[in-house]
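Turn these sequences into a full structure, and let the hints steer you where they fit.
Chains as they are written, first to last, in my numbering: chain A, 73 to 444; chain B, 306 to 576; chain C, 15 to 204.
Keep in mind that a hint or two might mislead.
Derived Cβ-Cβ restraints for the label pairs, each shown as a range [what the hints assert, rightly or not]: (1) A:Lys388 - C:Glu175: 35 to 45 Å; (2) A:Asp254 - C:Glu175: 53 to 63 Å; (3) A:Met317 - B:Pro319: 18 to 28 Å; (4) B:Pro575 - A:Ile256: 24 to 34 Å; (5) A:Trp196 - B:Ile569: 37 to 47 Å; (6) A:Ile256 - B:Gly434: 49 to 59 Å; (7) B:Val572 - A:Glu343: 55 to 65 Å; (8) A:Arg365 - B:Ile569: 25 to 35 Å; (9) B:Val572 - C:His125: 45 to 55 Å; (10) B:Met306 - A:Pro306: 26 to 36 Å; (11) A:Arg335 - B:Thr433: 48 to 58 Å.
Keep in mind the hints are simulated off the structure, nothing from the lab. We put the CB at the ideal spot given by N, CA and C, even for glycine.
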Amino acid sequence: MFVQGNHACVLGALRAGCRFFAGYPITPSSEIMEILASELPKIGGKFIQMEDEIAAMGAVIGASLTGLKAMTATSGPGFSLKQENIGYAAMAEIPCVVVNVQRGGPSTGLPTQSSQADVQQARWGTHGDHEIIVLAPSTIPEIYTTTIWAFNYAERFRTPVILLLDEIIGHMREMLKIPPDDEIELWDRPRPECEPGDYRPYQMVDTDIPPMADFGSGYRYHVTGLCHDETGFPTNDPQIIDRVMRRLTRKISRYRDQIYRSRESNLEGSEIVLFSYGSTARAAKQAMDLLRREKLNVGLFRPVTIWPFPEEQVRKIARASRHIIVCEANMGQIVREVERISCSQTNVHLVNSMNGEPVTPSQIMEQVKEVY
Amino acid sequence: MFDYGYYLRKEKFPHIWCAGCGDGTVLKAMLRAIHNLQLSKDEVVVVSGIGCSSRTPGYVDFNTLHTTHGRALTFATGIKLSKPHLKVIVVSGDGDGTAIGGNHFIHAARRNIDITMILYNNYIYGMTGGQASPTTPLGAFASTAPYGSIESNFNVSRLAEAAGATFVARGTAYHAAQLDRLIEKGIRNKGFSLIEVIVQCPTAFGRRNRYRNTLDMLHWQKEHAVPVQVAAKMSPEEMNGKFTTGVLVDKSRPEFTDLYEQLIDRVRTPR
Amino acid sequence: MRYEIRLSGSGGQGMILAGVILAEAAAIYDEKNATQSQSYGPEARGGASKSDVIISDEDIDYPKATNIDLLLALTQEACDKYICDLRKKAILIADSFRVLKMPEGDFRVFHLPILKTADEVVGKAIVANIVALGAIVEITGIVSREAIESAVMARVPRGTEDLNRKALTAGINIVRQYMKDAPGDSPLAS
Numbered sequence: 073m074f075v076q077g078n079h080a081c082v083l084g085a086l087r088a089g090c091r092f093f094a095g096y097p098i099t100p101s102s103e104i105m106e107i108l109a110s111e112l113p114k115i116g117g118k119f120i121q122m123e124d125e126i127a128a129m130g131a132v133i134g135a136s137l138t139g140l141k142a143m144t145a146t147s148g149p150g151f152s153l154k155q156e157n158i159g160y161a162a163m164a165e166i167p168c169v170v171v172n173v174q175r176g177g178p179s180t181g182l183p184t185q186s187s188q189a190d191v192q193q194a195r196w197g198t199h200g201d202h203e204i205i206v207l208a209p210s211t212i213p214e215i216y217t218t219t220i221w222a223f224n225y226a227e228r229f230r231t232p233v234i235l236l237l238d239e240i241i242g243h244m245r246e247m248l249k250i251p252p253d254d255e256i257e258l259w260d261r262p263r264p265e266c267e268p269g270d271y272r273p274y275q276m277v278d279t280d281i282p283p284m285a286d287f288g289s290g291y292r293y294h295v296t297g298l299c300h301d302e303t304g305f306p307t308n309d310p311q312i313i314d315r316v317m318r319r320l321t322r323k324i325s326r327y328r329d330q331i332y333r334s335r336e337s338n339l340e341g342s343e344i345v346l347f348s349y350g351s352t353a354r355a356a357k358q359a360m361d362l363l364r365r366e367k368l369n370v371g372l373f374r375p376v377t378i379w380p381f382p383e384e385q386v387r388k389i390a391r392a393s394r395h396i397i398v399c400e401a402n403m404g405q406i407v408r409e410v411e412r413i414s415c416s417q418t419n420v421h422l423v424n425s426m427n428g429e430p431v432t433p434s435q436i437m438e439q440v441k442e443v444y
Numbered sequence: 306m307f308d309y310g311y312y313l314r315k316e317k318f319p320h321i322w323c324a325g326c327g328d329g330t331v332l333k334a335m336l337r338a339i340h341n342l343q344l345s346k347d348e349v350v351v352v353s354g355i356g357c358s359s360r361t362p363g364y365v366d367f368n369t370l371h372t373t374h375g376r377a378l379t380f381a382t383g384i385k386l387s388k389p390h391l392k393v394i395v396v397s398g399d400g401d402g403t404a405i406g407g408n409h410f411i412h413a414a415r416r417n418i419d420i421t422m423i424l425y426n427n428y429i430y431g432m433t434g435g436q437a438s439p440t441t442p443l444g445a446f447a448s449t450a451p452y453g454s455i456e457s458n459f460n461v462s463r464l465a466e467a468a469g470a471t472f473v474a475r476g477t478a479y480h481a482a483q484l485d486r487l488i489e490k491g492i493r494n495k496g497f498s499l500i501e502v503i504v505q506c507p508t509a510f511g512r513r514n515r516y517r518n519t520l521d522m523l524h525w526q527k528e529h530a531v532p533v534q535v536a537a538k539m540s541p542e543e544m545n546g547k548f549t550t551g552v553l554v555d556k557s558r559p560e561f562t563d564l565y566e567q568l569i570d571r572v573r574t575p576r
Numbered sequence: 015m016r017y018e019i020r021l022s023g024s025g026g027q028g029m030i031l032a033g034v035i036l037a038e039a040a041a042i043y044d045e046k047n048a049t050q051s052q053s054y055g056p057e058a059r060g061g062a063s064k065s066d067v068i069i070s071d072e073d074i075d076y077p078k079a080t081n082i083d084l085l086l087a088l089t090q091e092a093c094d095k096y097i098c099d100l101r102k103k104a105i106l107i108a109d110s111f112r113v114l115k116m117p118e119g120d121f122r123v124f125h126l127p128i129l130k131t132a133d134e135v136v137g138k139a140i141v142a143n144i145v146a147l148g149a150i151v152e153i154t155g156i157v158s159r160e161a162i163e164s165a166v167m168a169r170v171p172r173g174t175e176d177l178n179r180k181a182l183t184a185g186i187n188i189v190r191q192y193m194k195d196a197p198g199d200s201p202l203a204s
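Next comes the structure, spelled out in structure tokens:
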């Protein structure tokens, strides 16, 4: 198939088992909603266009509580509006996938042009301490598989997962070969096996991820965005809150090895490493290939999992390289993280763009040659 | 004697409501209505937003969901559309339901989705400390209207009717016995139902507006509520300052989740 | 070898669809690597619109055209805006009625009546993008005749196949006519 990134996202979602979508029209993500409006009823799935972005996020959480794999898609302004309910999903541990096809901002910004300026918002957009998983694919086949992983992570770790696309890869087209079944892993949320009377929805369990019952399945329980105890009811007890908050963080951080996805090229022996993600990584890859043809030792680290941040990998690269050049389409957001992790063990540079136009390979090549 | 205990999460008491608050009266009426309809506890979902009334779900033994401020209807819409056989009840207040959640309110009514919304109208934001709400009467006092409110208030039932709700009723905490029937009819209606309940808030509203006590406020409800059949025979002058109670709207219109199931059938039937 | 094509004009001229068809011809029917990307303004009609197609035997990373091998410009605005991105010896195909001020530079020019041909020869102005595709394939041979025809047929609405086939042929013919009138130039890209 020769498809658009937004279309590949839909195909991945359906393959992952997505059966509920609620959304609100916004450029450049609307294709996802339009295609699902047509496809979901065909397989008995549910689609609804809600009255606003906030409502769409609420409906997705409600649907997930009944046991359906659920998703919404939006872009910058809509992503801002959804934040409170994303926090709710984090607090109440309700699986859901939020696609943000990034455009230029702040505010209405550049509706039809690309950016990667929501990458910190994806991490810290909602108030309060919380962990979250954020994925940023670079190619159309990767959008397909990463969307499946977004659902897998959301379900297994009972968390909202943010799938960060951008206008360029959301709208560009390239070939997608649908992987055969034996190459696809599908994960479901843990569900209770105990008697309904014994069920505690936020129980401290060995895995740190308590089983989740579907609303209406006989396990009657309470869900709230307030700080709650193991039974799900509000509490102000500092000891209990401490325990729950630490578990909420731990249930993702302890599984980071399962969550990290990245691509590396020529890291071995490269004194200069490009660090890039999403559509910008495509420019970085081309720059690397062209530079290597000129016999310059340049490697590329391309995280697909942006959050949790690949700290260990970056630490390793920082120790082994002379320069890390971060390429991203914003004023410099992930470069802060790279600087923090590399602790001055290497020189960190930024090649960026924030005017709606993508970072170009020649821009990156220039920077490499300057420091080489 | 009706066994409230069967439906309550007794271990969660005492409740957080003030002495004299009308919210518990509505909670009890809701339980009697559910009991009269012989619904199983597993098929009932009670969803709320934020505010005093929105603490109701915590005390009742159903599938219960306490969401973000104003958004209960959106979560409820996701639940109802996913599992249409569930009986979804939303409890809300005047601030939660018609200010921050006003957009969702009119759109749920427009869609005629089968959700029963019980809106506790106490004319004020109780939990946050007596701020003016969209139903605070013109001239009434609130912590954010220290010189009397200069804003006109919503008629919540009429708003629901105009937006397309197929069942609209108004009751009061004073007329508690009537409430069961109104809520029961609302749940029975296949479509969006609103039951607006006038409740007293002695702490946040009464104190600021020259009601000596709860009894005074209940007395006001008794004196100002006019059954809709009686109101029909009264002149506008006679109705001045009063409000109608009873079933205000009861009509039939295709329901959203039914229409969606039909759409699925239509799409899946090979032509 | 990486070949960069930019199709440009105003919104509603079908530049994005033309890019999709060209890329599909390469990727699906000629089994090369191809990407298509686009940029457009907030308007559904009017405004500047461009569609970049990259065709290559190797993997394609960067999906935007920055060193253009072929530029199609159906408006003066598009021609002026994108001419600076042409590499040396590149090909410029400009509409002879909408692009009156032709830029100067080290590239080969095909000044073709694309919009007029769609309107008068084919009979529907809306197929100008397909006429343009015919011209591009005739000039460059970047995809095969069979591939472009299959790709066009797979994308156009049912009932318009004949019209679009006619448009494709008309595009090929205006290039041949142009070559006859200007015999000094070589028709095919190296």
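Beta-carbon spacing of arginine 365 (chain A) to isoleucine 569 (chain B) - inside the hinted bounds 25 to 35 Å or not: violated, 55 Å
Outcome for the supplied range 49 to 59 Å, where the beta carbon pair is isoleucine 256 (chain A) and glycine 434 (chain B): holds, 53 Å
Satisfaction of the hinted span 53 to 63 Å by the C-beta atoms belonging to aspartate 254 (chain A) and glutamate 175 (chain C): violated, 39 Å
Outcome for the supplied range 24 to 34 Å, where the beta carbon pair is proline 575 (chain B) and isoleucine 256 (chain A): Holds, since proline 575 (chain B) and isoleucine 256 (chain A) (Cβ atoms, about 28 Å apart) stay within the stated range.
Valine 572 (chain B) paired with glutamate 343 (chain A), Cβ distance criterion 55 to 65 Å: holds, 58 Å
Cβ distance range 35 to 45 Å for lysine 388 (chain A) and glutamate 175 (chain C), holds or violated: violated, 57 Å
Supplied distance hint 48 to 58 Å, evaluated on CB atoms of arginine 335 (chain A) and threonine 433 (chain B): With a Cβ separation near 50 Å, arginine 335 (chain A) and threonine 433 (chain B) satisfy 48 to 58 Å, so the hint holds.
Consistency of beta-carbon spacing, proline 306 (chain A) to methionine 306 (chain B), with hint 26 to 36 Å: holds, 31 Å
Range hint 45 to 55 Å (beta carbons of valine 572 (chain B) and histidine 125 (chain C)) holds or violated: Since valine 572 (chain B) and histidine 125 (chain C) have Cβ atoms about 50 Å apart, the given range 45 to 55 Å holds.
Status of the given 18 to 28 Å range, CB of proline 319 (chain B) versus CB of methionine 317 (chain A): Given about 27 Å between the Cβ atoms, the range holds.
Consistency of beta-carbon spacing, isoleucine 569 (chain B) to tryptophan 196 (chain A), with hint 37 to 47 Å: Holds: the Cβ-Cβ distance is about 39 Å, inside 37 to 47 Å.
The structure is inconsistent with the numbered hints 1, 2 and 8, although it conforms to all the rest.
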